[in-house]
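Using the hints, put the two standalone chains together into the complex.
One letter stands for each residue in the lines below.
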Amino acid sequence: MRHGLDEYARLDSPLHRWEPRCKFVGLMALIFAFSFIEDLYLLLPMLGITVLLYKLSRLPKTYWCDRLHYPGYFLLGVVVVLPFVSGETILFEIAGLAVRWEGLLDVVEIATRFLCIVTVSLVLFGTSPIATTLRAMRSLGVPSLITDMMLLFYRYLYETLDRLTQVQTAMRLRGFNRQQLSWRNLRILASLAGTLLVTSYEQSEQVYRAMRLRGYGRSTARVSEIPVRTVDAIALGGVLAVSLTLVVLQSLGIEIWKF
Amino acid sequence: MHIADGFLPAKVCLAGYAVTGAATWFSLRQIRRDRDPQANIPKASLLTAAFFVGSLIHIPIPPASVHLVLNGLLGAVLGYYAFPAILVGLFFQAVMFQHGGMSVLGVNAAMMGIPAFLSAYVFQFRHRFGSDHRTTLSVFGFLAGALGVGLSALIFFAIVIANVPSNLNAEAERSAVWILTLSQIPLVIIEGVFTSMLVLFLQQVKPSLLQSTVNSEQ
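Just so you know, the sequences run in chain order A and B. For what it's worth, my numbering labels the leading residue of the first sequence as 1298, then goes sequentially. For what it's worth, my numbering labels the leading residue of the second sequence as 24, then goes sequentially.
Just so you know, not all the hints are guaranteed correct.
[To be verified] Just some of the chain A residues that point at chain B, by a computed CB distance under 8 angstroms:
| # | residue |
| --- | --- |
| 1 | 1328 |
| 2 | 1411 |
| 3 | 1414 |
| 4 | 1445 |
| 5 | 1449 |
| 6 | 1461 |
| 7 | 1463 |
| 8 | 1466 |
| 9 | 1489 |
| 10 | 1491 |
[Stated by the list, open to error] Each computed SDA-like pair below joins lysine to any residue, with the alpha-carbon atoms no more than 25 angstroms apart:
| # | chain 1 | residue 1 | chain 2 | residue 2 |
| --- | --- | --- | --- | --- |
| 11 | A | 1358 | B | 226 |
| 12 | B | 34 | A | 1515 |
| 13 | B | 229 | A | 1547 |
| 14 | B | 34 | A | 1405 |
| 15 | B | 229 | A | 1499 |
| 16 | B | 66 | A | 1440 |
| 17 | B | 66 | A | 1439 |
| 18 | B | 229 | A | 1509 |
| 19 | B | 34 | A | 1347 |
| 20 | B | 229 | B | 177 |
| 21 | B | 229 | B | 122 |
| 22 | B | 66 | B | 226 |
| 23 | B | 66 | B | 80 |
| 24 | B | 66 | A | 1434 |
| 25 | A | 1352 | B | 122 |
| 26 | B | 66 | A | 1544 |
| 27 | B | 229 | B | 79 |
| 28 | B | 66 | A | 1445 |
| 29 | B | 34 | A | 1499 |
| 30 | B | 34 | A | 1409 |
| 31 | B | 66 | A | 1515 |
| 32 | B | 229 | B | 161 |
By construction, these hints were calculated from the structure, which means they are not laboratory data. Yeah, the Cβ is synthetic: ideal placement off N, Cα and C, and Gly gets one too.
The following block holds chain B by itself, in its conformation from the complex (with noise of 0.2 angstroms):
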């Protein structure tokens, strides 16, 4: 789920940046009020390696399989290092293996990050309802991979729908927005199982992982 280079045009591209440098701008903010912020840097490093290998993980679904995006999970782990954490597996993606791309780096961070922030806070609220319990662990969990994925593939296809054929009118735009997001339900579910159950395997594991900084006291 990236948008190539050469497919937005360049007004967008420069949008893309803006609302990602104030999402950043965003995340810096409040990882500095952490008490030790740097203690995180190699933490949040090698998770988001651990990440990015764990998206190519390819789940089947006969005939075919799919690998999963994970950007909800990473915002429940990571908390407000997600946002880094996502521009730079993205930089690395586009450098590495041209999948996305420097011009589009902007929007594809923003497309991901920004639901990965809202995954995070979605996580956050399981402390309302009992953290240690296993059902809202696991519930909440499933709301945050699903609305982490869920999010960014409406954005991704209402981004590509409104520029790229410049040709088409208006209301097929937004039908094919509805009918492609629509179409991504099942794998939307997928994720939202997959990270439910990944979550408790770290409750289990290593509950410390489950304390990131956008949960843990500041």
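Pulled out of the complex, with its shape left as it was, chain A reads as follows (with noise of 0.2 angstroms):
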């Protein structure tokens, strides 16, 4: 299988060690204590703790950088946006458009959110593979309808990813000319989607032949889940302690850093 979401799941740090169910539970509690934060004075605490997390995890920088390419359009949307259109302070004008102040507060807001809600994510997946992560998921309670799914996309996706690029190359050396839209072009591009999902479906049929020869669906065993160890729970205790300061500093709006 090819895919870079294992890449650094083999690394030795803290994170990587701890316990995946204790993980998963704590770093979503922490991913939705961040999503609570609006005030200004914990997006510096919410940033230094998403720091310490990364540092912790020995994740390389180039992974961060890597994965925010893509959503840092979305970013530089709300940075070009927002300031112009949200508020009514206006601190000066720009081309005739006015920078409003309110606008800048909101894009400060979302941005730190933004960043220290996803840099945890890549914490939280990037530190275990994801079948262990799925499995964690499972044991959780997650049904295991939606987790047998999850596990054959992710082994069936690449597989689908190059048949499209393969068909697509086809296409392009007999001369088909994708810039134009017209009513054979679309049909062809139907065509190519709809060659795409015939030949999954034939080849769910194997697949599931395949599971059943292997005794999916049969009562087996049930494996034994490994005892969660002392150090592994008092970090999940800690990290909800902290995400639940977070969320009760935020509900009475108190402004730690004033004291």
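Here it is, written out as structure tokens:
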């Protein structure tokens, strides 16, 4: 399987060693706590926690930069649009467009929250193999139908992507001009998508037969869960306490940096 | 058409997860009534992968190009599996490409999945008008595709404008939602036409693909 998700899943760090179920619960709680933050005074502690987590995970900076390439466009959109449309207090004008103070504050708040949540997500899914994370989700109560679908989806995604690339190359070599929007081109592209669906459907029948032969669907002895170590539980307790503190501070509107 | 992490307040994110939880529970309950639900898991998974890849096909709209959402088609083909399929697809988009995000997974899944449900039911109505007839298929394929993306666009803009930025007045927000949604009409039509063509292709090549769970007798 070719993928970038498990690229750094075998490193050795406290986050890599953290029991997957505890890690999932703890970091998801942190993600939600971050989404609660609206007070500018709480952005700095949130940023500090995120940097600390990423440092602890020992994931390389290049991994972070590569992963932020695509969502960076979203951030750019926010930075470009919000200061001009949100708020009433005009700070200055650029080419006749007023830059507003409230809009700038919105940008700072959204961009920081966005970067922190994405970084914690990277730590969550980058420090364990995806199969381990899905097993943890299953043991935490996510329905088996969903986790089975996730595993199979992930297993066959790149195969389907390769198939699309091959067919598109063949179409180009046969002179298909994809730059024009015409009835004929739309029909050809619909046939291309249809072919992908039909091929996947036929492959799924073979996959199901192979899975049945390997015992899929029969009741098996329940795999005993690895017990949670004390250190994992303490780490989970710590992260939950931090998350709860952030939510409480935000709810009470306490400006901690004024003390 | 994804809402990114950090964009929405926590209460909206939590409400999104609640709606998605309820829709997933409903889907799973319907799926379990199927004769052999396990047999359909590989089918639904691989078709989800194919839909995911199919949505990467760019449709030229000079001078740019767009990619389709295909949630209406997904509803028409997968029936009750459509919602879990969308949830799985969005989860991996968030995890692999940071497209969407974990805090807004519930909102995005509800935004794409509930219109897919409705598309599945709209596509089911074709049985009342002669399901195998080409004209019926193409009309209901168009309606399913257009409804899926159109409704998702409306929900998307309503959520975005209502939550960010917070300093617009209500009148401006309403106008913005309608203007942005109306600007999607060409895309809605293209998605509808594309879905209609694809449904006709499937009827010709693999008709069994159009017998989704929502359409089959349970």
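Check the hint pairing residue 66/B with residue 1515/A against an upper bound of 25 angstroms on the C-alpha distance. holds (18 angstroms)
Given residue 1328/A as an interface hint, is its Cβ closer than 8 angstroms to any Cβ of chain B? holds (5 angstroms)
Holds or violated: residue 66/B and residue 1544/A, Cα atoms, limit 25 angstroms. violated (42 angstroms)
Hinted pair residue 66/B and residue 1439/A, Cα distance within 25 angstroms: holds (20 angstroms)
What's the verdict on residue 66/B and residue 1440/A, does the C-alpha distance respect the 25 angstroms limit or exceed it? holds (17 angstroms)
Pairwise hint evaluation, residue 1445/A against residue 66/B, where the allowed Cα distance is 25 angstroms at most: Cα-Cα ~11 angstroms, so holds.
Hey, residue 66/B versus residue 1434/A, does the alpha-carbon distance stay inside 25 angstroms? holds (22 angstroms)
Residue 1489/A was flagged as interface toward chain B. Is the shortest Cβ-Cβ separation under 8 angstroms? holds (6 angstroms)
Holds or violated: is there a CB of chain B closer than 8 angstroms to the CB of residue 1463/A? This interface hint is violated because 12 angstroms lies over the 8 angstroms limit.
Residue 34/B paired with residue 1409/A [C-alpha distance capped at 25 angstroms]: holds (18 angstroms)
Would you check the hint for residue 66/B and residue 226/B, treating anything up to 25 angstroms between C-alpha atoms as holding? The hint holds at about 17 angstroms.
Given the proposed pairing of residue 66/B with residue 80/B, does the C-alpha separation stay at or below 25 angstroms? Given pair residue 66/B, residue 80/B holds - Cα atoms ~21 angstroms apart, limit 25 angstroms.
In this structure, the earlier hints numbered 7, 8, 11, 12, 13, 20, 21, 26 and 29 are contradicted, and the remaining ones agree with it.
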